[in-house]
Amino acid sequence: MSEKPLILVANDDSYNAPGVHALVERMALLGDVVAVCPASPQSGQSMAITVNSPLFVKELGDFHGAQGYAVSGTPVDCVKLAMHHILPRTPQLVVAGINHGSNASVNVLYSGTMGAVMEGCAFGIPSIGFSLCNHSLDADFGHCLPAVDHLAKAVLEHSLPPGICLNVNFPKVAASPSAMRLCTPCRGKWNDEYQKYTDPHGHPYYWLTGVFENEEPENEATDQWSLEHGLISVVPVSIGRTPGDVADIPWLADSLRSYNDR
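Residue numbers (my numbering): 871 to 1132.
Derived from the structure by calculation, the hints contain no laboratory data. Nothing here was measured: the structure is a model prediction, and the numbers come from that model. Think of the CB as a built atom: it goes at the ideal place given N, C-alpha and C, for glycine as much as any other residue. There may be inaccurate statements among the hints.
[Claimed, not checked] Computed list of lysine-lysine pairs in BS3-like fashion (alpha-carbon distance at most 27 Å, straight line):
| # | residue 1 | residue 2 |
| --- | --- | --- |
| 1 | 1042 | 874 |
| 2 | 1023 | 1059 |
| 3 | 1059 | 1042 |
| 4 | 1042 | 1023 |
[Stated by the list, open to error] If you anchor each label on the Cβ, the simulated ranges turn out as follows:
| # | residue 1 | residue 2 | range |
| --- | --- | --- | --- |
| 5 | 1081 | 919 | 29 to 35 Å |
| 6 | 918 | 1050 | 25 to 31 Å |
| 7 | 1081 | 931 | 52 to 58 Å |
| 8 | 899 | 1028 | 54 to 60 Å |
| 9 | 1079 | 1099 | 24 to 30 Å |
| 10 | 929 | 1077 | 31 to 37 Å |
| 11 | 1118 | 1033 | 14 to 20 Å |
| 12 | 1075 | 1032 | 42 to 48 Å |
| 13 | 1005 | 1099 | 17 to 23 Å |
| 14 | 1023 | 1061 | 24 to 30 Å |
| 15 | 1028 | 931 | 30 to 36 Å |
| 16 | 1054 | 935 | 34 to 40 Å |
| 17 | 1064 | 1010 | 39 to 45 Å |
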């Protein structure tokens, strides 16, 4: 390994996914790359970790210009194992993706891609997640790559504030020329999330589906609005789950005070 920047690449779609192949090839132009990816698809795992079974690591050899490893666990397992047992030194950047499917709005909470990114951020490493609003394995990542290059170079140069990572989403079809916008996450939710079926023996079973409901479709500041208008959304994400000023919930403080004064 040289003394070029060390970049850790992870994802949630497994090491077989075309999106991570594209990402690794671009990162290999910027530094030394180690790719540590799940051995099987792990979408929707968020920041799950494996606690009740052992983890196995398989060396993949040359992996699209990187050292590649497949892990029998979650995206967060991949980052943890990389940091503790695989990487030769501390990386300057953690990137995850390019995910097949959107991680905008509330999806950031479920995303295995962003789970890997937030784990990198928890280690104090500048981290970025990239996602394309296209689930197809034949998706064209061409319009994503200039922005991937630009943001990775910028973060390598300037870093990110502690506890902050980036959630970057690309529209399925980009505007011409495509542009990036700093956005807020759209307020929205999934409806009709599980479809009920009956198997040949009369037993009910459920299949995850759902329709995303945008609760602020006219808000041009959101990631969802940008994506619907062919623009790349960039959302800073804090791994701290506590509001900056807990005094913004005055009734809660009063309630605790009354409990302590009883």
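Each hint, compared with the structure:
| no. | hint | result |
| --- | --- | --- |
| 1 | 1042 x 874 | violated (33 Å) |
| 2 | 1023 x 1059 | violated (33 Å) |
| 3 | 1059 x 1042 | holds (20 Å) |
| 4 | 1042 x 1023 | holds (24 Å) |
| 5 | 1081 x 919: 29 to 35 Å | holds (31 Å) |
| 6 | 918 x 1050: 25 to 31 Å | holds (30 Å) |
| 7 | 1081 x 931: 52 to 58 Å | violated (43 Å) |
| 8 | 899 x 1028: 54 to 60 Å | violated (19 Å) |
| 9 | 1079 x 1099: 24 to 30 Å | holds (26 Å) |
| 10 | 929 x 1077: 31 to 37 Å | holds (36 Å) |
| 11 | 1118 x 1033: 14 to 20 Å | holds (19 Å) |
| 12 | 1075 x 1032: 42 to 48 Å | holds (45 Å) |
| 13 | 1005 x 1099: 17 to 23 Å | holds (20 Å) |
| 14 | 1023 x 1061: 24 to 30 Å | violated (40 Å) |
| 15 | 1028 x 931: 30 to 36 Å | holds (34 Å) |
| 16 | 1054 x 935: 34 to 40 Å | holds (35 Å) |
| 17 | 1064 x 1010: 39 to 45 Å | violated (31 Å) |
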